Structure formats: structure tokens, C-alpha cells
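One letter stands for each residue in the lines below.
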Amino acid sequence: MSTEVIIAGLYVFALAAFLGYQVISRVPPLLHTPLMSATNAISGISLVGSLVTAGAHYNTVSTVLGFIAVTASTINVVGGFMITDRMLRMFKRQLPVKNDKKDSTEEQERA
Amino acid sequence: MGLPIELTYLAASILFILGLKGLSHPETARRGMIFAEIGMFLAIVGTLLHREIVSYQWIIAGLIIGSLIGGAISIWVPMTAMPQRTALSHAFGALAASLVGVSEYYRHNAVELGTFKMTALSLEVLLGGITVTGSLMAFIKLQDWVRGTPITYRGQNIFNMSLLAITIGIFGYLIFDPSAHSLFYAMAGLAFVFGVLLVLPIGAADMPVVMSLMNSYAGLAAAATGFAISNNVLIIAGTLDGFSGFILSILMCRAMNRSITNVLFGAFGAEVAAAEGGSAGEMREVKGEDIAVQLAYAGQVIFVPGYGMATAQAQHSVRELANMLEARGVTVKYAIHPVAGRMPGHMNVLLAEANVPYSSLYDLEQINAEFPTTDVAVVIGANDVVNPDARDNPRSPIAGMPILEVDKARSVVVLKRGKGKGFAGIENPLFFKPNCGMLYGDAKASLIKLAGAVQNA
Chain R
1 MSTEVIIAGL
11 YVFALAAFLG
21 YQVISRVPPL
31 LHTPLMSATN
41 AISGISLVGS
51 LVTAGAHYNT
61 VSTVLGFIAV
71 TASTINVVGG
81 FMITDRMLRM
91 FKRQLPVKND
101 KKDSTEEQER
111 A
Chain Z
1001 MGLPIELTYL
1011 AASILFILGL
1021 KGLSHPETAR
1031 RGMIFAEIGM
1041 FLAIVGTLLH
1051 REIVSYQWII
1061 AGLIIGSLIG
1071 GAISIWVPMT
1081 AMPQRTALSH
1091 AFGALAASLV
1101 GVSEYYRHNA
1111 VELGTFKMTA
1121 LSLEVLLGGI
1131 TVTGSLMAFI
1141 KLQDWVRGTP
1151 ITYRGQNIFN
1161 MSLLAITIGI
1171 FGYLIFDPSA
1181 HSLFYAMAGL
1191 AFVFGVLLVL
1201 PIGAADMPVV
1211 MSLMNSYAGL
1221 AAAATGFAIS
1231 NNVLIIAGTL
1241 DGFSGFILSI
1251 LMCRAMNRSI
1261 TNVLFGAFGA
1271 EVAAAEGGSA
1281 GEMREVKGED
1291 IAVQLAYAGQ
1301 VIFVPGYGMA
1311 TAQAQHSVRE
1321 LANMLEARGV
1331 TVKYAIHPVA
1341 GRMPGHMNVL
1351 LAEANVPYSS
1361 LYDLEQINAE
1371 FPTTDVAVVI
1381 GANDVVNPDA
1391 RDNPRSPIAG
1401 MPILEVDKAR
1411 SVVVLKRGKG
1421 KGFAGIENPL
1431 FFKPNCGMLY
1441 GDAKASLIKL
1451 AGAVQNA
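For the protein sequence lines, the chains are R and Z, in the order given.
Anchor point for the first sequence: position 9 equals 9 in the numbering used here, and the numbering is continuous, going up by one each time.
With the second sequence counted from 1, adding 1000 to any position gets you the numbering used here.
Just so you know, the hints here were simulated from the structure itself, not pulled from any lab data.
What you are looking at is a predicted structure, and each value in this text was computed from that prediction instead of being measured.
The beta-carbon is built from N, C-alpha and C at its ideal position, and this holds for glycine as well.
Just to be clear, a hint being listed does not mean it is correct.
Examples of chain Z residues toward chain R, derived with CB under 7 Å [stated by the list, open to error]:
1) T1028
2) A1036
3) S1067
4) I1069
5) G1071
6) S1074
7) L1095
8) L1099
9) V1100
10) R1107
11) A1222
12) T1225
13) F1227
14) D1241
15) P1338
Go ahead and model the full structure; you've got the sequences and the hints to work with.
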């Protein structure tokens, strides 16, 4: 592997680390569980590595390992995004039909 | 790799970051996740065009089986079991990373790998292996298949450390001599063993830290995969995941005033029980009816949920009681400690499931000032996070841990299963305070009883 490729990779890593730190520090504790399942789904992107391994016919061992890896990371991608959405749907600012005047005035005050 | 594929990867990377940025607020979170999903879709479609892929039957089989399993889990898993599901998904992610690593090593001539690629591959397999078995171990503990208390034996730390040293030694050797095949597989095997040994001595109450660490390792393993196969989107997504887990671990440790080393090697909750003497005084048991009257005529009530609320599946009953109180004009708030439950944010998700609006959920810093003006604080299956000893007694094992100061409320009710000590085996002086009453029994049953009594009050 050439030095340029290595250095480019390290640049990407360092910048992603800083950006990740900035973005993720802003996530409120309220959403820490969805954050964990979302980052987990996103890192299921290792699927792209598994796909090549499973489909490239390098040899039988690689194909079998690749197949298991594709299955495992698909579980994460599909399951991770679906469950994150299921959780996020539950977070509501206010109940849709509720005539609680006290609550709504409190909301306005805070806003 | 062709330019079109690289462009889909670039788009995916940007969409992932936008997706995580959306999570900074509940209002924008779902939209953010749609961005991330589009990014993932683009990256997968782009990869399928890869010229090295010659047959699709294994890919399609894997995609279908994985989608079915992942979809089924995410539809049917109850919210209370979210920590277990997350632990499993860390294991799956790490498994995929380590298998790709093993396959890459297997198919390449060791010499052509080169030092850098070999380092990345070994790191990937090492972190991946630890995460696979460590997360499975955490899953088993969270699922209560083995007891949640730390499992310790003599010389445990020395044994674990030596094993880790050997594994890292092999790692170092492989960088200089990538052709040592048997050592590579030995390192993978040792990583699997170390994962189990690492989580074995960690108690269930420390699971939020373990979950965050495994989150971090799984991400870093994916990033290492990115280095090994020179794929930038993998480096970016893996790094984001790795740092997210890292930040969460730090937050969790800070919320317990402990270091990561102490959590990993301290076997908390095993040794401290003996060190503590009995606390003075009597615990005062109270009747549901009396509490109901207090609640019904209160100005402000704060609920403090803990893991006990999750085990009793009591979140909906909490909400019903709160509804009744709100209808009577009582202000109801919820105080969430960062390490309440078994994973970061666990309590928030459960209460959101029970339709509690997120504007009523408060963090530690936001709510502590409100306890002195609160009439009743209702503690539901929480213990250490409300233990005043953490604040008052410098010799307490949890000294310095930030707590929810419920003892400053005019009156405190603790819903507790029995008279026993908390998980960590630490005496809680809160229970002996004159303003504190104990309501024993299953949290859900107690809450339903309270709601009934409030209706009659």
C-alpha cells in the first residue's frame, strides 16, 4: 500500500474523530439510547466490506466468512435503523389530544 | 474501485454525519435518520457494482436472512429489553468486522499485506474478537441467564492482565512477521477468550459503561476494517461509532465518579458489602392510602425511575398515576440519572414509550435545584442514584457520585421490592430519614394501587 493512501486514510480518521466528537457531544442524554442504536446501524456499513468478500469468489473460506459477515451486518443495518425509528417515534413534545391548559402555558413560558 | 462507487461512499459519509447531527434534538432526529438510511442504501447499491463481485447468490442470501432477523428483532423486542438488543447488535457488528479481517488475512500472501495493512487487520480482529464475546457476555448477564453480580476469583486481575499482555505481544510480533499464520489465529482466539473474562467481573449496575465501551470497540473495529481494505466510508462511519461510544463511556463514568479502570477491574458490588456496617434507625413503612392523599394534594411531584421500573414493566402505570395527578392540577416531573437503568438513556426511552412528553423529563443538573420545593419525590426501583451517602459520607464506596437529591424533598416515597440492600450492597441512609417512607412490593402493583387510591382521595 502506498504511503499516500495510508496518510489519506489517517487524515480521514483524524478529521472524522474531531467531527464525531463535536456532533455527538451535542446529543442530549434524552436521546442516548437511540444514539447508540443509530451509530450501531451506521457502523453496519462494514456490510460493504462483507459484500465484496462474499461475492468475489476469492476462495471457499472467504465466501463462507463473507456470507456470515453479510448476514450479521445486515441484521445490524436493518434492525438498527428500524428500532431507532421505533424509539424516535415515541419521543413526543406534547400529547396530541390533551386539554391540559397548565402544561401548554408552561410550554409557552419555556419557549 | 471506480469513481461512481467512490462517489456513493462520499455521499453516504456526508449523509451519516447529517443523520447524527439530527440527533441533537428530538424534533429533527427522525429526519436525520432518514438521511442516514439513504446514505446506507446508496453505499450498498454502489458496492454491488464493485467489479470484484462475480456472483450474487451468497450476497442475496445474506441480505435476505439478515433483513428478516434484524426486522423481526426490531419489531418484537420490548423496550425494556433494549439493552440486551443493543448488546447483541454490538456482537453482530464486531463479528462481521472480525470475519472480514480473517478472510482478508486468509486470502492474501502474508508478504504482500505489508506492515500497515497487517496492523489494521490485526487490530480489527483483536477489537472485533473482544467485542463479540464481551457483548455476548453482557447480553447473557442482562438477560439474567447468569446472575448479574460480579463473578470473581482469586488472581483474576493478574490472570486477565497477563492474557491481555500475551495477546498484545502477539499483535506486536505479527506486525513484524505477518507470515506467522498460527499466531494470527491464536491472537483471534485469545481475543475471544479475553472478551468473556473482561465482562465476567463487571456487575449489572455497571452495564451502562460496558455497553458504551463495546459500542466504541465495535466502531473502532469497523474503522480498522476501513484501513485494511482502504475504504474511507468505513473509516468515517467506524470512527463516528467509536467516538460516540467513547464519549458515552466518559459520561457514564463521570456520572458515577469512577474511572474506566475502576469500572473494568474494580468488581464493584462484590467486596464493598462487607466493609459497611449497619445503618442506624428504622425504616418506616407507609400505607398506600396515606401516600395517595399526599400525592393528590401536592403542588409538585417528581418521579425518579430506576432499573426496578424496567424489571417491573411499570412505565405505563407511572404514566397513568401521573395523568391522574396532572388532571388534579399537580405538576409532575421526571428526574433521570445518567446511569439509571442498564444503558445510557434507558429510562428516557421507557417513559417515552409510556407517552410521557420529553419536555417533562429532566436531567440531573436541571432537576436537583427543584427538590427542596417539591412536595413528594417518588423513587421507583432506584437506589444508588439517590443515596445521600455519595454526597455526605466521604468513606462511602460511591462517595462523590452525583446523585438526585430526593432527600431534600418535603417527603420521599420509595417503591421497593423488599427490605434488602440495593444492587451494589451499599446501605442507603435515605431509607432511614424521617421524611422518607417505604412502600414495599412490586412497583407496578404498588403504582396501580396508588392510582386507585388517588382517584378516591
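Numbered hints the structure breaks, given as an ascending list:
1
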